[in-house]
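**Q** As given, the protein sequences belong to chains A and B, one line each in that order. Under numbering that gives the first Met the number 0, the residue at position 138 of the first sequence is numbered 137, and the numbers go up by one with no gaps. Under numbering that gives the first Met the number 0, the residue at position 170 of the second sequence is numbered 169, and the numbers go up by one with no gaps.
No lab work stands behind these hints: they were computed from the structure. Keep in mind it's a predicted model, so treat the numbers as computed, not measured. The beta carbon of each residue, even a glycine, is placed where N, CA and C say it ideally should be. No false leads were mixed into what you were given.
Part of the chain A face toward chain B, derived, beta carbon under 7 Å:
#, residue
1, Phe99
2, Asp151
3, Val193
4, Asp201
5, Glu202
6, Ala205
7, Ile206
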Amino acid sequence: MPLSSHKNKLWCIDTLAYRFYQRVMGKGRLLIWLYAVLLGGMSLPASANVDRLDEGVAMINNLVSSVQDIAKQQSTSTEIHDQTNRIIDQFFDYESVASFTIGPYWRKASPEQKQDYLKTFREVLIVQVANNFDYFRTLEYHHVNAANKGQDWIIIDGIIHDTTNTYPDAVISWRIRNIAGEPLTIFDLSVENVSMLITQKDENMAIIRQNKGNLDALIDLLRERSKDLRMARNDSGS
Amino acid sequence: MAMFQTIRNMACFALLASLSACANAPDDLAVNTNDPYEDFNRNMFAFNMKVDDIVVEPAAKGYRNLPQVNQDMMTNFADWTTLPSTSLNSALQGDAENAALGVLSFLVNGLTLGMADLTDDSDDPVQTNFEDTMRGYEVPQGRYIVLPFIGPGSTRSHSAWLVDSVTNPLRFASTPAASTITAVSPPVRVVSYRGNHYDLINDVKYGSLDPYSRTRSIYLQYGANIGDSDDQSKDDPFDAFIQSQE
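Required output: the full structure, derived from the provided sequences and hints.
**A** Written as C-alpha cells, this is what we have:
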C-alpha cells in the first residue's frame with residue numbers, strides 16, 4: 000500500500016473518531032482525555048513499582064516499630080514468645096524461609112519431617128530473638144534506600160545505630176519477596192552484606208551432610224539448641 | 000633468628016603454593032566446592048578454638064576490662080604497625096596518595112609508638128595489604144583453608160599474609176626497637192581484634208550448631224561481596240530458589 004493512501008486512511012479514522020469525541024466531549028476535553036490515557040498507560044507499571052517500593056519501606060518501618068514496642072515493654076518471656084510468633088506470621092513467609100534453609104533436603108523430606116522441621120526451627124528462631132530483645136532496646140533503624148532487584152525482589156537498605164555506641168553502625172539490607180497481587184513478605188536480612196539466611200542454610204546443610212543426609216539429626220540438634228536457649232533465658236532471670 | 004623465620008616463612012609459602020595448585024581438584028571429589036580440604040580445616044578449626052579457649056579469649060576478656068583509653072592505645076598501636084605494609088601495597092596498587100599518607104601517619108604517630116592517633120581522621124590512610132594488591136591484579140581467591148594460629152582464609156589470603164609478614168619494612172630495620180615492635184605487634188593485634196569483636200565471635204563460637212560452617216559461610220560471603228571473582232559467576236541463590244518453586 001502506498002504511504003500516502005495509508006496516511007489518508009489513518010487520517011480518516013482519526014477524523015471520524017475526533018468528530019465523534021468532539022460531539023460527545025468537546026475538543027478540549029478530548030485532548031485532555033487522550034493525554035491522560037497516554038500518560039496513565041505509560042506510567043502505570045512505574046507507579047505500580049514505586050507503590051510496591053513504598054509498601055516495602057512502610058512494612059519494614061512497621062516491623063521495626065513493632066519490635067521496638069515489644070522491647071520497650073517489660074514483658075514476660077511467654078508474652079515475648081507470643082509476640083515474636085505473631086511478628087513471624089505477619090511479616091515473613093515462614094514456610095518458604097524455612098524450606099530455603101535446608102536447600103534440596105526440603106524436597107527429600109517426608110511430610111512428618113517437614114512439619115517437625117518447621118516447628119523446631121521456628122522454636123529456635125523465636126527463642127533466639129526473644130533472648131536478644133535487651134539488645135534491640137538500644138538500637139535505632141534509619142532507612143537509606145529501596146530498589147527492585149529483578150522481578151521477584153525488593154531490597155531495602157538501612158543503617159542500624161547503637162545508641163550506647165558499644166557497636167559501630169552497621170549497614171543492613173532487607174530482601175522482600177515481591178509477587179504481583181500478593182502481600183509483600185520479608186525473606187532475608189543481610190548485615191554488612193552477609194546474608195543471615197545463606198549463613199543459616201550453609202550451617203544446616205553442613206550438619207545434614209555430616210550426618211549422611213539425615214534431616215532428623217539436624218532436627219534433634221535444633222531441639223537441643225532450643226532447650227539450651229530457653230534454659231539460658233531462665234538463668235538470666237528474664 | 001631472622002634467617003630462621005624467613006626460611007620457615009618460605010617453607011610455608013611453598014606449602015601454600017602447592018595447596019593452591021591442588022585447588023583445581025575435581026569438584027565431585029570435594030565435600031563442598033569451596034572447601035575441598037574440609038576434614039583438615041575442621042581439625043585446624045578445632046585446634047584454633049582450643050587456643051582461643053585457653054589463651055586468646057581470656058586475654059581478650061582482660062583487654063575489655065581495661066579503660067577505653069588503654070584499649071584505644073592498643074588498637075592504635077596494632078594499626079600503626081601495619082602502616083609500612085599499607086604504604087608498600089598502596090604503591091604496588093598505584094595509589095601514590097595513600098602510600099604517602101601511610102608514610103606520613105607512620106612517622107607522625109611514631110612519636111608515640113603509634114599509641115596515639117596524632118593525625119586528622121581525613122589524613123588517615125585506607126588500610127590495605129598484599130591480598131588487596133593480588134585482588135587488584137585479578138589473582139583468584141583460591142580455596143578455603145584454615146591454618147593453625149592464623150585462622151580461616153583462602154590460599155590467596157594466607158599467601159598474601161606471608162608476603163606481608165616477610166616484606167614488612169619494619170623487619171628490615173636492624174634497631175632493637177624495631178625488632179621489639181615486630182615481635183610484640185602480632186599478639187597485640189590478635190588480642191585487640193578479638194577484644195573489639197568479642198560478642199560477634201562468641202556468638203558464632205557458642206551460639207551456632209556448627210561454628211566451623213558458620214565461620215566459613217561468613218568468610219566466603221564477605222569475600223564474594225568485596226569482588227572475589229570465584230563467587231561472582233554463581234547464580235543468585237535466591238533466584239534459583241524461586242525458580243525451583245515454580
